[in-house]
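Trainee: Sequence:
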Amino acid sequence: MQTSSLFETRTDKTALKMKVLVADLQRRIELLETDIAHEEARTRVQDLAHPTYSILARNLRSRRDNLLATIAILKRQLD
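Heads up, the sequence shown is in the working numbering, so the first residue is 249 and it goes up one at a time.
Treat the hints as calculated values from the structure; they're not laboratory data.
All clues stand as given, with none of them false.
Pairs of lysine-lysine, DSSO-like flavour, derived with a Cα cap of 27 Å: (1) Lys323 - Lys265; (2) Lys267 - Lys323; (3) Lys261 - Lys323.
Quantities reported herein were computed from a predicted structural model and do not represent experimental measurements.
Whole structure, please, built from the sequences with the hints as guidance.
Mentor: Here it is in structure tokens:
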């Protein structure tokens with residue numbers, strides 16, 4: 249019985265760590281979205297297809313999209 253209990257405890261700890269990680273990544277996404285909005289307002293270009301769209305905003309969007317994909321993977325593992 250102790251082995252099962254130990255395994256469950258490790259599983260619970262892993263799940264908790266993953267939930268904390270997801271929450272942290274979601275906060276980072278919020279910060280990135282704020283930064284994207286600020287950069288788009290600063291440059292006055294919100295259209296990704298526009299040739300003068302900010303490289304910084306494009307990179308921030310890419311980071312945000314990667315974090316969203318990571319969160320989706322982590323949530324699937326938690327289910």
